[in-house]
Amino acid sequence: MLVPYAGVALMIAVAIALAAVFLLGSIYLGPRAPNPVKSEPWECGTVSVGSVRRRFSVRFYLIALLFVVFDVEIVFLFPWAVLARELGWAGFSAMAVFVAVLGLGLAYVWKRGALEWE
Amino acid sequence: MPSWWWLLIEVLVKVVLVLVPLLTVAALLTWDERKQSALMQDRLGPNRANIGPFTLWGLIHPIADTLKLFFKEDIVPDRADKLLHALAPILALAPSLIVYCVIPFGPAVQIPGIGRPIALQVADLDAGLLFIFAISSLAVFGVALAGWASNNKFSLLGALRASAQMFSYEIVLGLAAVGVIVVFGSVRMSELVARQATPLWGGLPSWGILVQPLGFVLFMVAALAELKRSPFDVPEGESEIVAGFWTEYSGMRWGMFYVAEFVEVSVLSGLLVALFFGGYHIPGVDPGWALTGHTVAIPFTSHGLAIAGWGWGLLMMLAFGLKVIVGDVVLQQIRWTFPRFRYDQVMSLGWKMLLPLALLNVLVTGAIVIR
Chain D
1 MLVPYAGVAL MIAVAIALAA VFLLGSIYLG PRAPNPVKSE PWECGTVSVG SVRRRFSVRF
61 YLIALLFVVF DVEIVFLFPW AVLARELGWA GFSAMAVFVA VLGLGLAYVW KRGALEWE
Chain A
1 MPSWWWLLIE VLVKVVLVLV PLLTVAALLT WDERKQSALM QDRLGPNRAN IGPFTLWGLI
61 HPIADTLKLF FKEDIVPDRA DKLLHALAPI LALAPSLIVY CVIPFGPAVQ IPGIGRPIAL
121 QVADLDAGLL FIFAISSLAV FGVALAGWAS NNKFSLLGAL RASAQMFSYE IVLGLAAVGV
181 IVVFGSVRMS ELVARQATPL WGGLPSWGIL VQPLGFVLFM VAALAELKRS PFDVPEGESE
241 IVAGFWTEYS GMRWGMFYVA EFVEVSVLSG LLVALFFGGY HIPGVDPGWA LTGHTVAIPF
301 TSHGLAIAGW GWGLLMMLAF GLKVIVGDVV LQQIRWTFPR FRYDQVMSLG WKMLLPLALL
361 NVLVTGAIVI R
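Residue numbers (the numbering used here), protein chains in the order written: chain D, 1 to 118; chain A, 1 to 371.
In short, the hints are calculated from the structure, not lab data. The beta carbon of each residue, even a glycine, is placed where N, CA and C say it ideally should be. Take the hints with a grain of salt, since some may be wrong.
What the hints assert, rightly or not - Covered stretches of chain D (chain A as the covering partner; in silico rule of three or more C-beta atoms under 8 Å from a C-beta of chain A):
#	stretch
1	4-11
2	14-24
3	68-79
4	82-93
5	99-109
Construct all of the structure, not just a fragment, from the sequences and the given hints.
So, in structure tokens, the structure goes:
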């Protein structure tokens, strides 16, 4: 049934409209007094040196990768969770093997030092 | 009038019924944040803004702040990506508001004069909890875009920290919720709440916090980290990276991030109430007494919920609101009590402590439930 999604659609429309009103209000109601110093990137009053678009720690990328793996795991857990009682021990053991494999994955990642921040 | 027209009116009324209190409470929370911190730090807090002789304990400040923010200069730095810089605050504010449409703020009620029962919930989705996770994770885009579009080193660092932190704790958040789903056997929010009314033992209701204590702690900590507020406020750690991802924001654009933060506090509180504190149920009141007992399939919105008279419905709505506000105040207290973690501590807490615990919680809960 798609009808409950009418509420979602309306909520999304109202929320985005509200946010847009905030933004447009800010753009049109405020005064404008631009000057070159004000438009500089804010770096505690010192002159900005170099570009922002440079390399950053690979750890952030690693975390993003790990997130994908584990988040997909949770998505697979949801259907089992809803039907845990009906599926009984058969379902539980299958799920336990699945979680164990991912637990091993976590242990491996941990051992290789991907979770260390120095 | 055709029935879809009535449906539209019903949904519109419910959207207003959710958004107006939500934004009012968010405004009040900005006041509460300053008053509560003032109380803890032995200060007076805001007390100057007035209308004539009335200061109302500083309650005029949220109104004055809103007006002030609208009439402040909206500075967009030269090097910023103009479009994304404008899009980011919308992406931060809108999802936090949208999430509330699946949280039930009252039972299904029978209102005199209206033929069919009305569920006090904007949208009763059969995948409600999944919807919450899907929408709330959109908030990462707002933060990441804000940091990227600002073209400022502090912003970028803040956005990177925030994204990695929100990713990490989203996993724990999801796994903690799996435990609750196993116990109550549903992802539909109205069912999750309804099932918490069944007695556990000794007159206690089977609230989530009683049947999933570890799940509650995990969910609470993960949600605090998702909020990016102290003790998890490394993304905007002002002593290290100015203001993190919102360094280059001013005026109401900044205000949108600020409002979003407080709306998120209420969203988190509402989610905690719905999943772990019995939702709209009033403790000590036998649900059989309040509800008419027979379940009715509610057209358009729900599949069989116990319905209540409108008086009880009103009372339960108030109970829900009260619980959410108590939750808000507790979360504010936590925010002002604990010092900030170091970033490596945040990450190792999430991945090395909470994640294994959450996996364990799922397995143990599953084993107990199936037994």
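Results of checking the hints against the structure:
1. 4-11: holds (count 7)
2. 14-24: holds (count 8)
3. 68-79: holds (count 5)
4. 82-93: It holds, with 7 qualifying residues against the three required.
5. 99-109: This one holds; 4 residues, not fewer than the three required, reach chain A with a Cβ under 8 Å.
This entry satisfies every hint, going by the numbered hints stated previously.
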